[in-house]
Structure formats: C-alpha cells, structure tokens
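Reassemble the complex: the two chains are provided individually, in unrelated frames, and hints are given to aid placement.
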Amino acid sequence: MPPALLSIRDLGKHFGGFHALKGVSLEVEHGEFIALLGPSGCGKTTLLRCIAGFLAPDSGDIRIAGDSVTRLPPHRRPLNTVFQNYALFPHMSVLDNVAYGPRRHGVPRAEAAERAAEALQLVGLEALGARHPRELSGGQQQRVALARAVVNRPKLLLLDEPLSALDMKLRKRMQIELKHLQEKLGIAFVFVTHDQEEAMSMADRIVVMNRGLIEQVGSGTAIYATPATRFVAEFIGEANLLPGAPDGAGGLRLAFGTGAVPYHGPHPGADARQNHTGVLRPEHLELLDRPDAPGFLTERGVVEDVINTGGQTLVMVRVGDALLASRRLGMPGDGLNRGAPVVVGFRPEHLHVVTGEAPP
Amino acid sequence: MTAVLTTTAMPPAATAPTALRRALPLLAAPVAFFVAFFAVPMVVVLSSSLAAGGAPSLANYARVLLDQYHWDVLAVTFRIAALTTLAVTLLGYPLAYYLVRVVSSNALRRSCVILLLLPLFTSNIVRSFGWMILLGRNGLVNDTLVGIGLLERPVRFLGTEMGIVIGLVYILLPFIVLAVGNALATVDPTLEEASADLGASPFTTFWTVTFPLCLPGLIAGVIMVFTLAASAYVTPALLSGGKITVFPMLIFQQYSTVFDVHYGGALSITLLVFTLVLVALAGRIGNGGGDRS
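Protein sequences, first through last, are from chains A and B. All letters in the first sequence, in the order written, are residues 1 to 360 by our numbering. All letters in the second sequence, in the order written, are residues 1001 to 1293 by our numbering.
So that you can see chain B by itself, here it is in the shape it has in the complex (with noise of 0.2 Å):
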C-alpha cells in the first residue's frame, strides 16, 4: 500500500523540481546580469543618497527638495519632454501609419525603417554636434528660412529649450514609430473593413477602431520617448549652450565635477521616483481609455 502510494505520489513531486533545475541554467545568465547592472548599481546609488557624513541620514532629500530651484530645474526638464513627446507622437503617428498602411512595396517599405533606423549606429553625441552646426546662428537652418524670407533675421536656437527640444525629437523619433508601427501592424484590416461595411466613413474607422486598437503601442512608445527625453544628458548639454540647465546635467555635475555621491544619489532618485510617478500617470490614462471603449 505505501509502495503504491509512493509511487504514485513520484511524478508529480518529481517532475516540478525537475522543470525548475533544467530552467534554472537558462535563467541564471539572465538574473545575474540583471542583478549585477541593475539591481546594484541602483542599491549603491540608493543607499548612498540616504548617507550624509558617515550615517545616514535624509539630508541629501532635504537638500534637493527645500531649494527651489530644483523644482525649477525639474519644471524645465519635465517640459522638455512633454513637449518632445507631443512633437515626436504628432510626427511619428503618421509616420508609422504611412509606412504600415500605405507604403505597399516592401522593399520601400523595408529601405524606409532603414533610413529611419540609420541614425541610431552613430553616437548621440556626434548627432548632437550636427545639430549645433545646424541650428546655429549662421547654420542651414536659419540661413535656409531667411533665405526664402520666412525669417528676417536668425533666430536664436543653441541655448533655448526649443533647441534641445528639436535635438531631441530628431534623436527620439525611431522609437515612437517602432512602437506605433508594430501596434498598426497587428490591427486586422478587416476590422477597418467591416467597419466601412457598417456605413463608417475612413475618419470615423481611424478613430473608433485602428486608433484604441493600437492606442497600447502608442502608449509604450510615449512611456519610452518621455523616460528617454526627461534622462538625456547628452543632447541637452550639447544644445543647451550653457544657458540651460535639465535636471541630469546637474546629476552628471554631482557625480564627475564635485564627486559628491551622496547628493548625486539623490539628485538621480528623485528625478526617478518623479519620472515613474508620470509614467504611471500615463499608464493609468491609456488603461482608463482601453476599458472604456
């Protein structure tokens, strides 16, 4: 009876560790590089910006919350990329659905993501430089929009938040039209069909059902423009001229100029806790939209 039992009772209790000890190889590179890139780094970065002098302390949090003109810094930073965000959806919305729904050759299609892709091999830093060649006071661009006599005289670009903002649309936009891209390709054209069929006009097909149906690929890709635009150092330190000052510049200052760790630490925590408190913003935002249509 206990034989039986036994051996019955065998596989079962056997093959669930057997699962997990053939996965755990396959899972162990995974975690442990998570957790020697991401999960210190953020504990060293944490644990030091709770130390002032020795001990610890909430100094550092006193510091970086009581002066105003972190928040100021702050304010300018989360503008920045709100903004970016909006230039970067209302340009790489059509451009997706451009090159979803109406390119029909692949190849086209295929030499568009391309060139569309092309600029992510080279640095940020040198795409930056570009841009101060670009945007300058003697550069293509105002040179171009006097040239045709929009502009009487150049406008000033380098060292205004219009300038880092167009730095940053043009660095940032790949990534809004993966994510869209990916989201329209999945929508069945038969719905859009079946909706025409139902007496919809194309306006009224694009807004009740490709948009929501593809509203969580959009999502995605705002989430990521704006984490992207509000942590950027680099494009904003090159356009910025020095008259402009983004929350990670100050960050960057802390950790390479004064080599203050506790203060940087947390510098680089509250920028953080306030960027996942707008995305979550956002995410509660397109889930509310999901489930009411």
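Chain A extracted, bound-state conformation (with noise of 0.2 Å):
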C-alpha cells in the first residue's frame, strides 16, 4: 500500500506554557478534502502552520508521501497555501504574483507567464491580470491567492480560513466553486475553518479539534449522527443533552424530565466510574398529541419559547428542570404559546451515549 499523501504522527507544540497541540496523528490521502473544525484556540492553524513549516512542532512527525519533511523549511516543501488575508505581493501585478511559484521553481518567465494566465483563467480572472491587488475586490483578491497557491499544481494545498473575510453571500458561493476545484484539480485540501456549516458542506471528511487534540474524525454525516465526545456533540449542531449515570448492570440510566430512560443500546466505555450523557438532536425530539404515543418515551413539559428561523420552529420546552429544545419544519401553529402544556418525546433508537458529564 503506498503511503498516505499526508501522515502526521503525535504531533506537539507548546508556547511558553501554552500547550497549542498535545499529540495530534492525522492521515490525509491524495486527492481528500479535508476540514479542520474547532472553536478559536483549539489548535487548528497552529496544525495548518506546521504542516506548512512556519512553525516547527516540539515533537512528532510530519510526512508526506512517506518522506519526513519536518525538518524542512517552508520553501523546500511541496505543498502550497492560501492564507487567511490572502498575502498578496502588493508590489506586483496580479500576474506576476501567479507567476511567482513558477519563477521560484527555475521556469523561464514567458513560460511562467502563461502558466499564470492559465490559473487566472481556471478562477475566472484572466482579463485582470495587469492589475494590482489593491484594485481588486476581497473576492477577486482570493481568487488571485487560489490561483496563486493552485498554479505549481501542489498534492496537498493548506487553507488557513480562506472565506472568512468575505460576505455571506460570496463565501456561499465561493464554497462551490472552491469544491469544484479541488474535484477539478485533484489536489488535497486541508481546509482550517470555525464555522461548521462550512465544513460540513464541503468536505469529505472532518477533523474536530479541541483544546490541541483532535476529538473526532469522520464525515460530516457521521460526527452529526455519532458524535464521539460530549464536545462534538455540543460543537457540531445543537444537542439537548440528559445526563447518564450506570445503572449498575452494564446499562445506563439517562434522566428525561422527573423520570429516568434506561438505556441498553451501544455507548463507549462501559466503565462504570465513566460519566455519560445522552445526546438528542433538536429534530428528534417531537411534540406529541398524548403521552402514550406508540414506540415514544414521552414526558410532560410546559413551552417556554417558540422561534421562528424562518422555515423551521425552535420550541423550547421545560421539563422537570432540563430546558430541551424541538425543532420541526414549518411555521409555529396555533396554540404554542408560552406557558402552554405540551407532551415531548423521541424514538429511543434516535438516541446517541456519549462519555463526558453534561453540564450542570
């Protein structure tokens, strides 16, 4: 089996005594798009920096296609990147900033030229070549670094939150074309980002990163439906959460309202001094007509809020003391009002263990 295009093992970076990344091991195949996803000082692009040489780690190791490059200053490692402000050469045209890989690599400048023209043109901009970076658009300047970092054909191209600066409806779009791309290209991407929808939308598989440790690496179906940790649980979409205890004979008791739900299904860790929390998505947890609706556990709740996000409803419902939220499809009906007494319940199966205490 060849090796994988990108293979870091146990990698470690303190500053001072902040510990950036605590052992993080990560594989990336040719051709992956990969998303990096963690709340801001979790660890993301200090990883992205070290892939790239600009920081050396403290320990670990970085290969790529089986050949260890963390030694490697930036410049000798092949591998390109597309940074958060773009960094554009402001003294050059946008030509010669897209011409600027090839030069470095020792291709004649007229053949470095056309290569450029060619990547401004697979980004849609090869009529705004003789411009400067600072007479373009927040848009057209990332197309311009895309172009710039795609142009040497790189395996692996790292993206340190390319779509951050710009505005909702350009980065929507730039999310498709960026994808289109990458399947055009066939280059790796391992794209740092803080914002989920993102990362769910594009990438084929997600790294979830917390406090310098990697929690959870899977699809963007799979960290959904079957997150790892209490954290990816929390992170990843909204989650009501009912805190577990064992019920000492290898089950689990979760509490739902007054009541408590015993639960047998699969759940990691059945060690008994391990605290666990079951985790409900909004979805699953429906308002039912009578409390004895058939293959539900239901409880009794009062609404404490309905809200509308257009499209869909948030009710908000208190039972006992936990406050769960329940999502539905359409507009709020008659009769939700605040204070009113509605019967919430789920389908067991639709419930996913997790380890990790809920909050209090």
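Simulated from the structure, these hints should not be mistaken for laboratory data. It is possible that some hints are incorrect.
What the hints assert, rightly or not - Chain A is nowhere near these chain B residues, computed Cβ spacing over 10 Å in every case:
| hint | residue |
| --- | --- |
| 1 | Ala1019 |
| 2 | Ala1023 |
| 3 | Ala1029 |
| 4 | Val1043 |
| 5 | Ser1048 |
| 6 | Ile1114 |
| 7 | Leu1118 |
| 8 | Pro1119 |
| 9 | Asn1124 |
| 10 | Asp1143 |
| 11 | Ala1237 |
| 12 | Gly1241 |
| 13 | Lys1243 |
| 14 | Phe1252 |
| 15 | Thr1257 |
Unchecked claim - Dumping the calculated SDA-like pairs for lysine to any residue here, alpha-carbon to alpha-carbon at most 25 Å:
| hint | chain 1 | residue 1 | chain 2 | residue 2 |
| --- | --- | --- | --- | --- |
| 16 | A | Lys172 | A | Gln196 |
| 17 | A | Lys22 | A | Pro3 |
| 18 | A | Lys155 | A | Leu55 |
| 19 | A | Lys155 | B | Glu1193 |
| 20 | A | Lys155 | B | Ser1201 |
| 21 | A | Lys179 | A | Glu161 |
| 22 | A | Lys155 | B | Pro1202 |
| 23 | A | Lys22 | A | Asn210 |
| 24 | B | Lys1243 | B | Thr1160 |
Since the model is a prediction, treat every value here as computed from it, not as a measurement. Glycine included, C-beta positions come from ideal geometry on N, C-alpha and C.
Below, the structure is given as structure tokens:
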C-alpha cells in the first residue's frame, strides 16, 4: 500500500506555557478534502502552520508521500498555502503574483507568465492580470490567492480560513467554486475553518479539534449523527443533553424530565466510573398529541419559548429541570404559546450516548 | 419657488465656508510658524543673494560659480555626504532589520532603540569633540588598532575626509535606522511566508519581497541623511582640523566672520539647489524602482 499523502504522527507544540498541540495524529489521502474544525484556540491553525513549515513542532513527525518534512524549511516543502488575509504581494501585478511560484522553481519568464495566465483562467480572472492586488475586490483577491497557490499543481493545498473575510453570499458561492476546483484539480485540501456549515458542506472528512487534541475524525454525517464526545455533540449543531449514570447492570439511566430513561444500546466505554451523556438532536424531540404515543418515550412539559427561524420552528420546552429544544419544519402552529402544556417525546433509537458529563 | 431654491441651495453653500472657518484657527499656528521661521528667512537669504552694492545683481552667483575653488569644495562636500550615506545605509539597514525582525523581546527592542536615540539628546558639538579625542593620534581608536597589531603606527584620522565621515556616520545612523525600521515594521510577515511557501529561499524572499516593500522608507532615510550630511557644519568643522573645507563652512565664514550676507546668501542658495537636484534624482530612481517591480 502506498504511503498516505500526508501523515502526521503525534505532533506536539508549546507556546510558552500554552499547550497548543497535545499529540495530534492524522492521515490525509490523495485528493481528499479535509476540514480542520474547532473553536478559536483549539490548535487547528497551529497544526496547519506546522504542516506548512512556518512553525517547528516540539515533537512528532510530518511526512508527505512517505518522506519526513518535519525538518524542512517551508520553501522546500511540496505543498502550497492560501492565507487568511490572502498575502498577495502588493508591489506586483496579479500576473506576477501568480507567476511567482513557477519563477521560483526555475521556470523561464515567458512560460511562467503562460502558466500564471492559465491559473488565472481557472478562477475566471484572466482579464485582470495587469492590475495590482489593491485594485481588486475581496472576492477577486481571494481568487488570485487561490490561483497563485495552485499554479504549481501541488498535491496538497493548505487553506487557512480562506473565506472568513468574505460576506455571506460571496462566501456561499466561493464554497461551491472551491469544492468544484478541488475536484477538478484532484488536489488534496486541508481547510481550516471555525464554521461548521462550511466544513459540513465542503469536506469529505471533518477533523474536530478542541484544546490541542483531535476529538473526532469522520464525515459530516458521522460526526453529526454519532459524535464521539460530548464536545463534538455540542459543537456540531444543537443538542439536548441528558445526564446519564450507570445502572449497575451494564446499562445506563439517562435523566429525562422527572423520570429516567433506561438505556441498553451501544455506548463508548462500559467503565462504570465514567460518566455518560445522552445526546438527542432537536429534530428528534417531537411534540406529541398524547403521552402514550407508540414507540416514543414521552414526558410532559411547558412551552418556554417559540423561535421561528424561517422555514423551521424551534420550540424550547421546560421538562422538569431541563430546558429541551424541539425543532420541526414549518411555521409555529396555533396554540403553541409560552406557558402552554405539551407532551414531548423521542424514539429511543435516536438517542446517542457519549462519554463526558452534561453541564449542570 | 425662489424660497424653495434658496433653502435647498443653502446647505452646501453654507457648509464649505463653515468647515473652512473651523479649520482656520487650527491651520493658523502652523502656517504662521512656517511663514515666520522658514519662508521669511529663505526670502531674506534669496533677496540678499540677488543684490550687490545696493542694486539687484547676479554678481554674487558669478563669483560663486566661476571660481574653481567652490566647485572643488562642493565636490568634497557631496563626496563626504555620499560616503556617509552609503556607510550609514550599510550599517543601518541590517541594524533596523535586526531590531524589527530578529529581536523577539519587546523590552530588548525598546532598550536598543533608546540606546540608539540616546546620543541625539546631547549636542553635536559635544559628540564631535568626543570623536576628536577618540580619533586623535594617541586616541583610543589608534591605540587599540596599534595595540592589537592591525596598524604599525597611528593613522591620521583628524583632518581627513575619513575622519569627518566617521563623525557624521555616528551622528546620522539613528535617522536611517528609524526610517528603515518603520518601513520594515509595516511589511506584513505573512507576505514573506507566502514567498517561502511558493518556493523562495530566505535570500530570494528578502530581495523580491521584503526589500522592494521597504524601499520607500529606505529612500526617505537616504534623502534625510544625505541632506543632513551635505549641510552639516559642526562635525566637519571640528574633525577637519582646519585641513578640509566643506561648503557649509564657507557659508558660515561669510555670515559670521566676513559679514557678507550677499555673497553668503549666494553660497547658501547654491548648496541648496545642488542638494535639491541630487535629492530629486534619488527620488526619481526610487520611484522607478517601485514601478518596475
């Protein structure tokens, strides 16, 4: 089996007393689209900068196609980067910016200009080669940065929150374009973002990071439906958390309203000392007509808030001490007013259990 | 109808003068200062240089420009200024780079800058006297060089162009370090990272990205140092030992000893014009460099 395109083994990095990476391991295959997702300070940008060579890790190894690059300076690494602020050279024309990479690899001036023009065509900016970066809009600068990064046809492209400076609409359009470009060129992307929707809609696999560690690696569907930890459950989408405790017989009891739900399904770690939390997505918590709806576990509650998010309605229901969220398509119906008594329930198969305590 | 027209026309017509009226008190002080301490003296010098024997005349300029001696002194002056500028640039640029890019501790950087600026708090005269002592026949510099065996016998620094250049370099170094340092600090480090990412070695990155981007700051510093060196009086006067004459010394003699304000004025304007021409040329080169890259 050929080695993975990018193989990161046990990477660690300190900044003074701050432990930015605590032993991160990751493999990226050829042509894969990987999103590094996490809150600020989780280590995703540090990881990216270690791969690019701008930061030297304290420990661990980075291999590209089997060869260790950990000790190589950035200009000797076979990869390219799209920077968050684009980092276009302000004293050069757009064409010269894009031709900079080929020129540094010894390509003659005329051929470098030709390749640069091709790369600009790829992002639809072939007409703007003579301009200077400051004469371009944010979206155009973004495309130039992209053209400059792919002109050398790297096998691996690192992107550091490349869309974060664009407005919502442009951002959505660039997401689609970026994904198409990635598929067309067959370049593996490692894409840093703190926007889960962006990660969900673009990436083949999402790497969820928190406090210098990888919490979970998986497809968008997998990390949403079966989060590995309480952090992932809460960070990706919204979640109702049901505090759990071992029932002494290998199963769990999850607090739901005044009672407790027995749970005997799969859960990570049967260790009785470990705490467990039940995760229930708001779309799986339904408002029911009667408390004995077949196949449902139900509780009585009181409507605390009704939030119309346009096409979807979020109903916050007070059940016992817990405030649970129920989401459904459509507008809020009649009778769903604050203080109205309701019955909420869910099918037990929608319950997913993770380790880690629910917040008090 | 007329009423409507006047009311709609009023605001733009009224705001412009109002803005100007508000700005005037703020502008008055600097304008008055500029007129009193820069424009008036210049006009006085210029008009006195254009008069001889109580009548308007170009005789003073003829006296300056037709005398080979003045051209020789001008050549010495600009040679010293150019050498000083070159030495200051070669010393100051790496120093600025070191302070801005290499020193990572803010405290160390701040103390280095204070150390660099500290000499500016003492007078030129004191500092130049210091160099007279250091550069003398039995001064510290000669003693050291002879002591470590680099020289067989003491070298004469005082009364040579080299001695003057050493004194001027010492005085003018902070100016170039500050100008280049400021320019370097505004160069975004991610641009250098982008350059490295695209395959450029640190050497190539410096010459294709860092250096062109701080060229405007370097040129500003060079112009400042060159004009200060060309117009310096105290340092050359003290370190020349009476053996070398630079243009500002001629001007000083006419004003302070001979009291010939007409001839002295013509000398001043001559130095000013030549300096301006050279600075304009330097600026042109700088602009050309900026456009090309």
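Hints and how they fare:
no.	hint	in the structure
1	Ala1019	29 Å, holds
2	Ala1023	30 Å, holds
3	Ala1029	35 Å, holds
4	Val1043	41 Å, holds
5	Ser1048	46 Å, holds
6	Ile1114	26 Å, holds
7	Leu1118	31 Å, holds
8	Pro1119	34 Å, holds
9	Asn1124	37 Å, holds
10	Asp1143	46 Å, holds
11	Ala1237	42 Å, holds
12	Gly1241	47 Å, holds
13	Lys1243	46 Å, holds
14	Phe1252	43 Å, holds
15	Thr1257	51 Å, holds
16	Lys172/A / Gln196/A	13 Å, holds
17	Lys22/A / Pro3/A	24 Å, holds
18	Lys155/A / Leu55/A	21 Å, holds
19	Lys155/A / Glu1193/B	19 Å, holds
20	Lys155/A / Ser1201/B	21 Å, holds
21	Lys179/A / Glu161/A	14 Å, holds
22	Lys155/A / Pro1202/B	23 Å, holds
23	Lys22/A / Asn210/A	10 Å, holds
24	Lys1243/B / Thr1160/B	7 Å, holds
Of the hints listed earlier, there is not a single one the structure fails to meet.
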